[in-house]
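Taken in sequence, the protein lines are chains A and C.
Just so we're aligned: the first sequence equals residues 0 to 355 in numbering that gives the first Met the number 0.
Just so we're aligned: the second sequence equals residues 0 to 208 in numbering that gives the first Met the number 0.
Please keep in mind that the hints were generated in silico from the structure rather than gathered at the bench.
Treat the hints with caution; some may be incorrect.
What the hints assert, rightly or not - EDC-like cross-link-like pairs, simulated, lysine to aspartate or glutamate; straight-line CA separation at most 20 Å:
1) Lys233(A) - Glu184(A)
2) Lys301(A) - Glu58(C)
3) Lys301(A) - Glu134(C)
4) Lys301(A) - Asp78(C)
5) Lys233(A) - Glu164(A)
Stated by the list, open to error - One side of the interface only, derived from the structure: several residues of chain A facing chain C at Cβ under 10 Å:
6) Val3
7) Ser6
8) Tyr63
9) Leu70
10) Phe237
11) Asp300
Glycine included, each C-beta is placed from N, C-alpha and C at the ideal position.
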Amino acid sequence: MSAVLVSEQVEVAADPTALYELSLAEGWGDGVPLLPPTDDAVLALLDATPYSPDHVVGALPPQYGVATIELVAVNTAMTGCTAEAFPFVIAALEAMLVPEWNAFGLTTTTSSVFAMLLVNGPGRDAAGIDYRAGCMGGAAGRGSMTIGRSVSLCLRNIGGQRAGETSRTVFGQPARFGLCFGEWEERSPWPSLAVRRGCAATDDVVTVHGGKGTFPLADIHNDDPRDLLYLIAKSIAFPLSNMFLSGNPENGDVVVAMNPMWAERFGKAFPAVEDCQQYLWDHAWQPLAVWPEGNQQILRDKGRVDAGDRVRLVASPAQIVPFVCGGLGSLHAVALPSFGESQMQSAAVLRRTGSA
Amino acid sequence: MTVTDTRATLTIRRPTAPRPEPVRAPTFKLGTPLAGRRIGLRTDGAWRSWVLIAGEWDERLRDAGAETLQVETNAQIGDGGRTDRRNIDAWSDEIDGGIVGLGTCGSCTSFSVQDAVALESHSKPSVVVVTSEFETHARNMASFLGHGDLEVLVLPYPLEARPDDELRAIAAEYWPKALELLGAAERPDRAAARTVRPSERDQQGGATG
Numbered sequence: 000m001s002a003v004l005v006s007e008q009v010e011v012a013a014d015p016t017a018l019y020e021l022s023l024a025e026g027w028g029d030g031v032p033l034l035p036p037t038d039d040a041v042l043a044l045l046d047a048t049p050y051s052p053d054h055v056v057g058a059l060p061p062q063y064g065v066a067t068i069e070l071v072a073v074n075t076a077m078t079g080c081t082a083e084a085f086p087f088v089i090a091a092l093e094a095m096l097v098p099e100w101n102a103f104g105l106t107t108t109t110s111s112v113f114a115m116l117l118v119n120g121p122g123r124d125a126a127g128i129d130y131r132a133g134c135m136g137g138a139a140g141r142g143s144m145t146i147g148r149s150v151s152l153c154l155r156n157i158g159g160q161r162a163g164e165t166s167r168t169v170f171g172q173p174a175r176f177g178l179c180f181g182e183w184e185e186r187s188p189w190p191s192l193a194v195r196r197g198c199a200a201t202d203d204v205v206t207v208h209g210g211k212g213t214f215p216l217a218d219i220h221n222d223d224p225r226d227l228l229y230l231i232a233k234s235i236a237f238p239l240s241n242m243f244l245s246g247n248p249e250n251g252d253v254v255v256a257m258n259p260m261w262a263e264r265f266g267k268a269f270p271a272v273e274d275c276q277q278y279l280w281d282h283a284w285q286p287l288a289v290w291p292e293g294n295q296q297i298l299r300d301k302g303r304v305d306a307g308d309r310v311r312l313v314a315s316p317a318q319i320v321p322f323v324c325g326g327l328g329s330l331h332a333v334a335l336p337s338f339g340e341s342q343m344q345s346a347a348v349l350r351r352t353g354s355a
Numbered sequence: 000m001t002v003t004d005t006r007a008t009l010t011i012r013r014p015t016a017p018r019p020e021p022v023r024a025p026t027f028k029l030g031t032p033l034a035g036r037r038i039g040l041r042t043d044g045a046w047r048s049w050v051l052i053a054g055e056w057d058e059r060l061r062d063a064g065a066e067t068l069q070v071e072t073n074a075q076i077g078d079g080g081r082t083d084r085r086n087i088d089a090w091s092d093e094i095d096g097g098i099v100g101l102g103t104c105g106s107c108t109s110f111s112v113q114d115a116v117a118l119e120s121h122s123k124p125s126v127v128v129v130t131s132e133f134e135t136h137a138r139n140m141a142s143f144l145g146h147g148d149l150e151v152l153v154l155p156y157p158l159e160a161r162p163d164d165e166l167r168a169i170a171a172e173y174w175p176k177a178l179e180l181l182g183a184a185e186r187p188d189r190a191a192a193r194t195v196r197p198s199e200r201d202q203q204g205g206a207t208g
């Protein structure tokens with residue numbers, strides 16, 4: 000493919016640190032060294048996608064910079080992302096631009112929330128996407144480490160999202176550097192997340208979750224899977240969850256990343272994932288009395304209290320989302336709490352015919 | 000041994016999107032006294048402080064002979080969000096000008112500005128109310144949305160956790176500025192005449208998160 004690039008050219012010294020220094024001076028970077036987005040590097044990425052360089056993925060908030068495929072490729076080239084993995088970056092951005100993901104709110108909020116990329120499909124290994132031990136950090140798969148970072152750079156450089164400036168995030172979170180991991184579908188007792196969301200098992204799919212952070216859960220005492228799920232449900236329904244701030248429990252998804260050993264136990268108790276979600280939902284609530292009196296009235300005013308004085312985390316079981324990943328050491332799960340005013344979105348990865 | 004030529008350069012591509020030229024959409028002023036006009040107040044269920052201040056201003060508007068129309072927003076997305084945006088659109092049609100609040104967090108400032116811009120897009124005078132911590136963000140968002148001249152009324156920060164009598168005092172202090180930004184040709188003595196009387200109203204309890 001001989002695409003014509005139109006983005007502005009910049010001369011930089013070939014010294015390995017020169018681009019790093021330039022990126023810091025220009026505000027392009029995230030504080031970590033970058034690779035030079037040369038034409039060769041950008042063109043190699045463009046060759047992997049069916050989109051033309053001038054194809055517009057969308058306007059990225061908060062500044063509504065226009066994300067052309069070329070600009071996305073320039074940002075992606077700086078992370079060392081492979082051509083194989085580049086289409087995952089595009090899919091993630093496409094998913095984030097679905098209005099119900101609420102990029103407008105999520106890119107500007109005081110919350111720590113950021114795009115967490117959950118990947119399904121047969122291309123996970125080839126793209127270097129981690130889904131086993133250390134999948135949320137430490138496994139160092141090239142795809143996991145570069146796809147999420149590419150999305151983050153696109154938000155920064157195309158969308159203009161800068162903490163303390165256009166983003167009012169109070170704390171941020173490590174995922175703002177990029178968080179991308181896969182589902183260990185082969186060890187899951189249930190259909191993959193992507194299949195449950197209506198995608199084909201043969202497709203590579205990126206699901207974008209507006210997650211507030213990684214919330215660790217641990218257990219060594221429970222032999223009964225129902226007891227363990229009960230405690231998971233109670234743990235994710237913590238009183239200061241964003242989900243209890245609003246009167247809209249129907250908005251927002253809470254991901255529960257389950258290690259394969261626990262998932263196997265849960266799958267035996269609940270062969271249908273919907274039944275597992277129902278059980279989690281049945282117990283993901285707190286008694287109204289947990290909250291101080293003033294909060295109780297607010298929760299009542301917002302219609303969050305049921306006839307049994309329960310305050311449920313979310314409106315429906317489908318909003319509690321099991322996702323099987325992680326190592327075989329068992330003992331742990333990780334919840335990815337929701338911002339609330341955001342619904343997870345999925346997009347299939349599209350590749351140029353004939354490319355890997 | 001390899002020797003690097005330190006004079007060598009690379010040609011790379013700039014990763015940033017061109018910034019659009021600032022758009023200055025027209026702004027509007029009431030240009031008349033409040034009496035006989037219908038003024039809108041947009042509240043947000045999230046902020047007790049703003050509900051109280053908007054309530055104070057609602058009374059002052061009616062004291063001045065205006066009719067008031069409040070609309071409350073509660074959601075950013077989903078059915079609730081779509082309903083809120085439809086209500087803002089209908090509300091914008093029905094009023095002569097409006098005051099939109101409150102921006103005192105990141106996303107609520109963004110959505111307050113968006114709703115104020117929606118009102119201004121109906122060729123109506125529009126004022127967005129934010130707290131000082133979020134003023135720059137509000138002005139940035141107004142600019143990004145193509146309404147860089149949107150009137151922004153800046154209240155003290157923080158408002159939350161203040162007692163009601165302080166909030167009423169703030170409502171009284173900033174009322175003349177709200178009128179000025181709205182462009183109401185109100186007599187200054189009338190605008191400032193009303194005093195704060197905390198004993199008039201029931202105390203409201205409970206701070207929000």
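Structure-based check of each hint:
1. Simply put, Lys233(A) and Glu184(A) have alpha-carbon atoms about 26 Å apart, too far for the 20 Å limit, and the pair is violated.
2. For the suggested pair Lys301(A) and Glu58(C), the alpha carbons sit about 25 Å apart, so the restraint of at most 20 Å is broken.
3. Distance check on the hinted pair: Lys301(A) and Glu134(C) sit about 28 Å apart at the alpha-carbon level, beyond 20 Å; violated.
4. A distance of roughly 16 Å separates the Cα atoms of Lys301(A) and Asp78(C); the hinted pair therefore holds under the 20 Å criterion.
5. With a C-alpha separation of about 36 Å, the suggested pairing of Lys233(A) with Glu164(A) is violated against the 20 Å cut-off.
6. With 10 Å as the threshold, the beta carbon of Val3(A) stays out of range of chain C, its nearest partner Cβ sitting at about 12 Å, so the hint is violated.
7. Interface restraint check for Ser6(A): the shortest CB-CB distance to chain C comes to about 4 Å, inside 10 Å, so the restraint holds.
8. Taking 10 Å as the C-beta contact cut-off toward chain C, the hint placing Tyr63(A) at the interface holds, the least distance being around 6 Å.
9. Annotation: Leu70(A) was flagged as interfacial toward chain C, and the flag holds, the nearest CB pair being 6 Å apart, inside 10 Å.
10. For Phe237(A), the interface hint is violated, the least distance from its beta-carbon to any beta-carbon of chain C being 12 Å, above 10 Å.
11. Contact between Asp300(A) and chain C, as hinted, is supported at the beta carbon level, the nearest pair being about 8 Å apart and thus within 10 Å.
Figure legend: structure checked against the earlier numbered hints; hints not met, in rising order: 1, 2, 3, 5, 6 and 10.
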